[in-house]
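Starting from the given sequences, assemble the full structure and let the hints guide the process.
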Amino acid sequence: MPITKDSVRKLEDIVGTDNIKNDIADLYIYGSDSSVHKALASVVVRPTKTEQVQAILRYANAELIPVIARGSGSGMSGQAVPIDGGIVMDMKKMNRILEIRPEDMLCRVEPGVVDDDLNRALKPHGLFYPPAPASSRVATIGGEIANNASGIRSVKYGATRDSVLGMKVVLANGDLITLGSNTRVEASGYQLDRLMVGSEGTLGIIVEATLLLKPIPKFRCLARANFDKLKDAGESISEIIATGALPSMLELMDNIAITAVNTTLKMGLPDVEAIVMFEADGKVKETVDAEMKLMKEICEKHNGYGIEMSYDTAIRTKLYAGRKKLFAALSRYQMGLSCTSLADDMAVPYSKMAECASKIHEIAKRNNVVMTAYGHCGSGCMHTKILMDPTKKEQWEGAKRAVEEVYEYVRSVGGTTSAEHGIGLSKAPAWKKEKADSLAMLKAIKKAFDPNNILNPHKLQDAPEDWFSATEIRYPVE
Amino acid sequence: MAKKYLKEWNNELNICIRCAYCFEGCPVFKVTGWETDTARGKTILAYGVVSGELEPSQYIADKLFQCTYCRDCSERCSANVSVVDILAAARADLVEAGFASDTHKGMAKNVKETGNIFGDKEIKAPTQQGDVPVFIGCQYLARPNQTKMYLKILEKLGVKPLIKDEICCGYPLHALGFRKEFEEHKKKFLELYPEKDIVALCPTCAAYIHEEYGKNVKHITQAILEHLPEKNLGLKATYHDPCDLSRVMGITEEPREILKKLGVEIIEMPQNRKTSQCCGGGGGILMSDVNLSDDIASLRIKQAIATGAPLLITPCPTCEQVLKKAAAVMKEKGNGSIQVKNLNDIVWKALKS
Chain G
1 MPITKDSVRK LEDIVGTDNI KNDIADLYIY GSDSSVHKAL ASVVVRPTKT
51 EQVQAILRYA NAELIPVIAR GSGSGMSGQA VPIDGGIVMD MKKMNRILEI
101 RPEDMLCRVE PGVVDDDLNR ALKPHGLFYP PAPASSRVAT IGGEIANNAS
151 GIRSVKYGAT RDSVLGMKVV LANGDLITLG SNTRVEASGY QLDRLMVGSE
201 GTLGIIVEAT LLLKPIPKFR CLARANFDKL KDAGESISEI IATGALPSML
251 ELMDNIAITA VNTTLKMGLP DVEAIVMFEA DGKVKETVDA EMKLMKEICE
301 KHNGYGIEMS YDTAIRTKLY AGRKKLFAAL SRYQMGLSCT SLADDMAVPY
351 SKMAECASKI HEIAKRNNVV MTAYGHCGSG CMHTKILMDP TKKEQWEGAK
401 RAVEEVYEYV RSVGGTTSAE HGIGLSKAPA WKKEKADSLA MLKAIKKAFD
451 PNNILNPHKL QDAPEDWFSA TEIRYPVE
Chain A
1 MAKKYLKEWN NELNICIRCA YCFEGCPVFK VTGWETDTAR GKTILAYGVV
51 SGELEPSQYI ADKLFQCTYC RDCSERCSAN VSVVDILAAA RADLVEAGFA
101 SDTHKGMAKN VKETGNIFGD KEIKAPTQQG DVPVFIGCQY LARPNQTKMY
151 LKILEKLGVK PLIKDEICCG YPLHALGFRK EFEEHKKKFL ELYPEKDIVA
201 LCPTCAAYIH EEYGKNVKHI TQAILEHLPE KNLGLKATYH DPCDLSRVMG
251 ITEEPREILK KLGVEIIEMP QNRKTSQCCG GGGGILMSDV NLSDDIASLR
301 IKQAIATGAP LLITPCPTCE QVLKKAAAVM KEKGNGSIQV KNLNDIVWKA
351 LKS
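So the sequences go chain by chain: G and A.
Just so you know, we're using full-length UniProt numbering here: the first sequence kicks off at 1 and counts up by one.
Just so you know, we're using full-length UniProt numbering here: the second sequence kicks off at 1 and counts up by one.
Calculated directly from the structure, the hints in this document are not laboratory data.
One thing to keep in mind: the hints can contain errors.
Each computed DSSO-like pair below joins lysine-lysine, with the alpha-carbon atoms no more than 27 Å apart [claimed, not checked]:
hint, chain 1, residue 1, chain 2, residue 2
1, A, Lys-302, G, Lys-123
2, A, Lys-274, G, Lys-266
3, G, Lys-266, A, Lys-215
4, G, Lys-393, G, Lys-446
What follows is the structure, encoded as structure tokens:
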């Protein structure tokens, strides 16, 4: 159903005139995120309480209007792009921290709370919320849950799914349900809270979440090791994990990434084939020392050298600066090239990290695009970006082939399409191939939750087969 | 619409990865909460206009002018996108297409006719011969007592200011999109100031003269610090970094050093130095959207009150003006109180004693 003036009036009655936008300029802005996709929202509403979310969904379900929940729109795969238009529900105004219970190591929050704001509020209690995606300064808790986000410390603390105890969700028909518990463990029964994590707004709208917290570690030590061979770096990573060491961060940067930060930001990283960064944290210094010693020895065994290590915050910041600024460096890698989030966060088994990085280089060369390999290798997560001239059709053809070849390789080694950025539109074709034998079950689950298919339609298992033509591309392709 | 200025930034618009990191510190977004008001929102609008996907409209123009130019977005941008340049280009195209507001048009006319943004023919620089060219700027010229105080400070410290019959630095014309007027003005400015080295009183003028004209600009705080003796005022205060001084000029320590030298204990707000939150007075919104400016100022003054300091000190006349107003509103509403003073007040208090 298209949005009519009457629909807008009805939505205004629910959220008030200050919380609705329908100028073409607003609809255009709320039609895209950090992916390559774009569409046009039909109306943007901003609920401030659960009852409003319920009323909007009751109305949309009756009128068969799509509803796309949105946090900060920082998703990289098109999860929040309203492919058929509809109501974009901006959740950022539901941003109250409802309760912090240090004695139970949990907190209750509304979905629009920004990750960093939550962690600032938790700090005086000596606690933190661990997922830490790179976008934590703007990413909302609701968006992180819908995406099952994670980041540099997932190797130790896991992804969002490991930090969510329960939630309140508004279903497509407007009903409010409570999922999960306030406890660390919960035995049998379908754990719908876990199903909701990573569902990308296709099963319900999260209006409250109960989150598991961790104590802020007293000691943190970071090291950086250089490798002349990518293969040696990869083998170090595999062995660090295999020995049972417990890094709180284990990162890889390839030579393209190193060149990028050196040439564009003059970071002065050593001109080597790979860099591995490893970190340990904890309450007891001797334990952290032991973890660091073990990881250092493994790196040295695999020809790692020039290892710098420090507990000092300023030195750690300096050691990590190259990795932190990598995104900016890639964006400025070469005049005319743009940094696109395509095939950007696959995961492969540890033993395949180095091979995966080499494959990425081969594939990029073959398809005339630039691709780097870096990431949270301690979690098996390999990041890349495709750098290309986004105005040239042939570059997109190359990018399409590269994406296909990367995922073909990832599937061949038993990896997965997305480690932490989500599926949305741009990764859906590869993900559907990966999940081929469970697609019918996934579709049945979607139907059970959302029989009228109003919640973020055409995403995940229902996404178009070709990501490139799924929506318009947000660049001016010739 | 011709889009002649915006077209030059096509590549930069493609560089933006739309990560939304610019949301974090955007003062306009903090007040409205709408993505349209963020730097990402504005660059998407600029892209829409330059690509022809959006027809320019008054609404779009209003949104593109609703920015304090505080550059917090540029500071946090993960792709180092020149947001301010994109915005300035978009504004220039919109102005040439007839979307300038009457207030901004009036300001441009004032600069042309009187040399200052206020259109006040009585506003004149206190010309004098000296060794160091000092640029006062429209905002301080409109505050003759403060200007006098800075000049007395300089003299007391042994610096002989050379003051010319100055005209506006040109920043308002450029930032608000009046390019043709700006080009004419620029010639006059450069004829008047052939010198390479200038000391500027106003942080915005300092940043602009440095960036646009490539001059070696010292801000007055740097000039003062070089000659300032130690004193002990025994004050406690929080310090507000003006955006142009901290983010554009990178001058964050000199004003703090001055205060420390004078025995002022600084209680920092959490957002300080390069992450300082804007006062709400920049980018022309003080002229065109005073309510928005007031709301932004109120956010900053709340942060200042939360430090528990009885005094806020800033070297920028515009920051001082809007924060003084916000502090008065807070006091009236019973939401806490803080005194707002210009840095020159503090320095003069120390030197005259």
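Structure-based check of all given hints:
| no. | hint | result |
| --- | --- | --- |
| 1 | A:Lys-302 <-> G:Lys-123 | holds (21 Å) |
| 2 | A:Lys-274 <-> G:Lys-266 | holds (21 Å) |
| 3 | G:Lys-266 <-> A:Lys-215 | holds (25 Å) |
| 4 | G:Lys-393 <-> G:Lys-446 | violated (35 Å) |
Of the numbered hints stated above, the single one contradicted by the structure is hint 4.
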